[in-house]
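Participant: In the UniProt record's numbering, the protein residues as written are 1 to 583.
A hint or two may mislead.
Claimed, not checked - Simulated restraints, written as ranges between beta carbons of each label pair:
1. 445 - 552: 42 to 50 Å
2. 154 - 184: 14 to 22 Å
3. 399 - 508: 25 to 33 Å
To be verified - Under the rule of at most 16 Å between Cα atoms (straight-line distance), these lysine to aspartate or glutamate pairs were calculated in the EDC-like manner:
4. 238 - 138
5. 421 - 456
6. 214 - 138
7. 102 - 194
8. 238 - 151
9. 222 - 140
10. 421 - 455
11. 401 - 411
12. 127 - 194
13. 238 - 156
14. 421 - 493
15. 129 - 92
16. 238 - 158
17. 129 - 151
18. 478 - 508
19. 478 - 509
20. 428 - 456
21. 312 - 561
22. 238 - 194
23. 114 - 199
24. 102 - 199
25. 129 - 194
26. 263 - 555
27. 127 - 151
28. 263 - 556
If you're looking for bench data, these hints aren't it; they were derived computationally from the structure.
Quick caveat, the model's predicted, so the values are computed rather than measured.
Idealized CB from N, CA, C, for every residue including glycine.
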Amino acid sequence: VCAVASFCVFVSTTTSKGSLCCWFVSKIYHNMGINLLNPSSLGYLEFPNVSTMESTSYGCTLGKRKGFAFSRKPLALPPAKQQCSSSLIDEEWHIAYSNARKPNLDVIRSRNGKITVSNISLMPLAKAKIYRTYGFQEGEGTYGSVFRVIDSAFPDRELVMKISLANSNFFAEVSALHALNHERKTPNIPTLHDWFISDQLPPDNRYWSSVSEKIRNAPQFKNLFKTKSPFGYLVLEKANAGSLSNFSQNHISNGTPPQEIWKMIDTILFQLVFTAAALPESAIIHRDIGGSNIMLTAVDDPNRWWYFRVGKQLFRFLRPTVKPVLIDYGSAHILEVGSSMKTDFRFTTLRYRAPEMIFLSSSPSGLLQPVFAPPTDLFSIALSILEMILGDFTAHSRGNKYQNHPFLRHDPPPLLAMKLKELSQKLKTDENDLSLDYVHRTWAGTLHSGFITVDEGVLMARYIWGMYIELGIPNNRKWPGVEETSIWQVMNDVIASQKRRNLYYPTEEGLLLRDCDRLRNFLSEQQISCILSMLRYNPKHRPSPASLLKSEIFEEFRIFEHEIGEGDIFPCWSVSGNPISIC
1 VCAVASFCVF VSTTTSKGSL CCWFVSKIYH NMGINLLNPS SLGYLEFPNV
51 STMESTSYGC TLGKRKGFAF SRKPLALPPA KQQCSSSLID EEWHIAYSNA
101 RKPNLDVIRS RNGKITVSNI SLMPLAKAKI YRTYGFQEGE GTYGSVFRVI
151 DSAFPDRELV MKISLANSNF FAEVSALHAL NHERKTPNIP TLHDWFISDQ
201 LPPDNRYWSS VSEKIRNAPQ FKNLFKTKSP FGYLVLEKAN AGSLSNFSQN
251 HISNGTPPQE IWKMIDTILF QLVFTAAALP ESAIIHRDIG GSNIMLTAVD
301 DPNRWWYFRV GKQLFRFLRP TVKPVLIDYG SAHILEVGSS MKTDFRFTTL
351 RYRAPEMIFL SSSPSGLLQP VFAPPTDLFS IALSILEMIL GDFTAHSRGN
401 KYQNHPFLRH DPPPLLAMKL KELSQKLKTD ENDLSLDYVH RTWAGTLHSG
451 FITVDEGVLM ARYIWGMYIE LGIPNNRKWP GVEETSIWQV MNDVIASQKR
501 RNLYYPTEEG LLLRDCDRLR NFLSEQQISC ILSMLRYNPK HRPSPASLLK
551 SEIFEEFRIF EHEIGEGDIF PCWSVSGNPI SIC
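Take the sequences, apply the hints, and build the full model.
Facilitator: Right, dumping it as structure tokens:
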């Protein structure tokens with residue numbers, strides 16, 4: 001109101017036609033159904049207060065003269081470079097004006113997620129929505145950039161918009177989220193608010209133009225014009241309590257009482273294992289689980305208790321303050337009747353990667369084929385739980401690389417990285433060796449391009465060496481076929497070299513995290529044993545999530561139905577616990 005009043009004073013004192021201008025502006029807004037004295041008529045439920053606006057670079061400086069009272073000095077705000085205009089124009093994006101479309105997912109899947117901008121006109125229109133933004137970027141990853149947005153129809157919801165290319169990864173994520181939101185077997189998935197595609201970027205108004213500029217400069221869009229793919233827009237609930245990889249920094253290191261931390265860790269651990277059971281029952285394998293892809297968000301739930309059912313067993317704990325939310329489904333695999341879990345690519349980030357995506361048979365007919373099944377996701381969840389306690393796996397301190405990672409913290413012999421590089425180069429040579437039959441050439445190409453790459457050689461040397469030190473040396477007795485893999489043979493040569501030179505080498509038993517004192521400050525021995533069982537080399541020897549949930553480590557959450565009070569609603573989330581068949 002002060003800004004409008006000062007504008008009228010300013011106009012009336014600087015031009016002889018000021019009164020006419022004020023009347024004319026008021027008349028126009030009146031005819032539009034807008035009352036300048038009532039901000040809600042502009043389509044918003046509320047406006048930021050003055051102090052909030054002054055703390056940003058977007059505050060209006062109109063009327064900031066001597067004699068006007070503000071909560072902060074006007075000098076704290078840089079002078080405006082242009083006259084303040086209506087926030088409606090600056091913030092809003094009517095997606096219907098940008099040729100927004102929402103194609104049928106079944107049709108897209110039948111085309112393996114491959115569409116071009118030329119297909120846009122044949123697709124159904126997206127629902128007309130209006131999104132607002134202030135251009136705040138929440139993150140950037142391999143498959144897209146994430147910005148904070150507001151749906152004008154639901155301004156109280158905290159949302160983010162992920163903008164990426166509308167390719168197979170985008171539609172895989174949409175399909176996975178659509179299935180998970182439909183099944184609702186776990187509370188630990190993001191709510192899918194909206195999605196659409198378009199051949200256009202957001203409009204060039206004040207705030208959306210900054211978003212478009214960041215998209216144009218983002219590395220994942222550098223080949224945009226070559227691919228001719230449209231843009232994909234995914235609108236999700238916003239997680240507001242950091243990532244699991246930052247749990248140690250945000251919760252353990254900030255003085256929170258140990259009892260509260262233990263309780264928080266126990267409930268998060270339960271929910272992550274429960275989600276590992278819920279994903280395949282919702283026909284989803286994530287394939288890229290890690291601490292940076294598990295967000296934490298505050299819980300907004302009126303219920304006092306949370307109930308879970310695993311088969312016939314019921315569990316209950318007090319409503320948590322925060323919950324984990326598994327995000328980023330761009331690599332997800334949708335399980336369909338008769339579909340195979342065999343893959344030609346590793347997908348998972350190396351620091352969370354399961355052994356079955358590393359130790360692959362040298363022969364195309366060998367025992368160890370690249371099969372990405374639910375136990376593979378379980379291995380990644382186990383490492384993510386360790387990251388929650390030990391700290392961000394990517395943290396460097398005083399020249400100590402990857403000090404928090406149980407595997408990467410161990411320095412490998414230089415010989416190992418050299419031999420892995422030689423192996424990758426040999427596979428590339430075999431791929432082009434016409435003296436080999438087609439099957440062997442194809443297999444060599446799959447290993448070279450999808451699993452044993454030159455660019456990962458140095459880091460993979462650290463990862464495998466540390467895996468051997470902590471988990472022990474695998475063998476055919478524990479994992480049939482592992483000794484016939486190229487990686488095992490390379491490691492065997494390096495260990496033999498270390499023995500000849502009387503240098504340190506891994507043992508068959510492994511350390512089993514015995515020197516990680518920090519773990520024992522926050523996890524019980526039973527919980528550590530549970531995590532180690534999830535980290536077994538042979539995926540067939542890892543326990544099912546259902547058996548873990550029913551084990552003694554979660555006994556404190558186990559209840560019987562006669563213990564439930566009258567009026568309580570249960571169960572909130574349920575899984576059968578039955579294993580799925582692996583093809």
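Participant: Please go over all the hints and tell whether each is borne out by the structure.
Facilitator: How the hints compare with the structure:
1. 445 - 552: 42 to 50 Å: 47 Å, holds
2. 154 - 184: 14 to 22 Å: 19 Å, holds
3. 399 - 508: 25 to 33 Å: The hinted range 25 to 33 Å holds for residue 399 and residue 508, with Cβ atoms some 32 Å apart.
4. 238 - 138: 9 Å, holds
5. 421 - 456: 9 Å, holds
6. 214 - 138: Roughly 12 Å separates the two Cα atoms, so the pair holds.
7. 102 - 194: 10 Å, holds
8. 238 - 151: Holds, at about 12 Å.
9. 222 - 140: 14 Å, holds
10. 421 - 455: 9 Å, holds
11. 401 - 411: Distance of about 9 Å is within 16 Å: holds.
12. 127 - 194: Holds. Residue 127 to residue 194 sits at ~9 Å (cutoff 16 Å).
13. 238 - 156: 12 Å, holds
14. 421 - 493: With Cα atoms ~14 Å apart, residue 421 and residue 493 stay inside 16 Å; holds.
15. 129 - 92: 10 Å, holds
16. 238 - 158: Cα-Cα ~5 Å, so holds.
17. 129 - 151: 7 Å, holds
18. 478 - 508: 11 Å, holds
19. 478 - 509: 12 Å, holds
20. 428 - 456: Cα-Cα ~15 Å, so holds.
21. 312 - 561: 10 Å, holds
22. 238 - 194: Satisfied, since the Cα-Cα distance of roughly 13 Å is no more than 16 Å.
23. 114 - 199: 14 Å, holds
24. 102 - 199: 12 Å, holds
25. 129 - 194: Distance ~10 Å between residue 129 and residue 194 Cα, so the pair holds.
26. 263 - 555: 14 Å, holds
27. 127 - 151: At roughly 13 Å apart (the allowed maximum being 16 Å), residue 151 and residue 127 satisfy the hint.
28. 263 - 556: Since the Cα atoms of residue 263 and residue 556 sit roughly 11 Å apart, the hinted pair holds (cutoff 16 Å).
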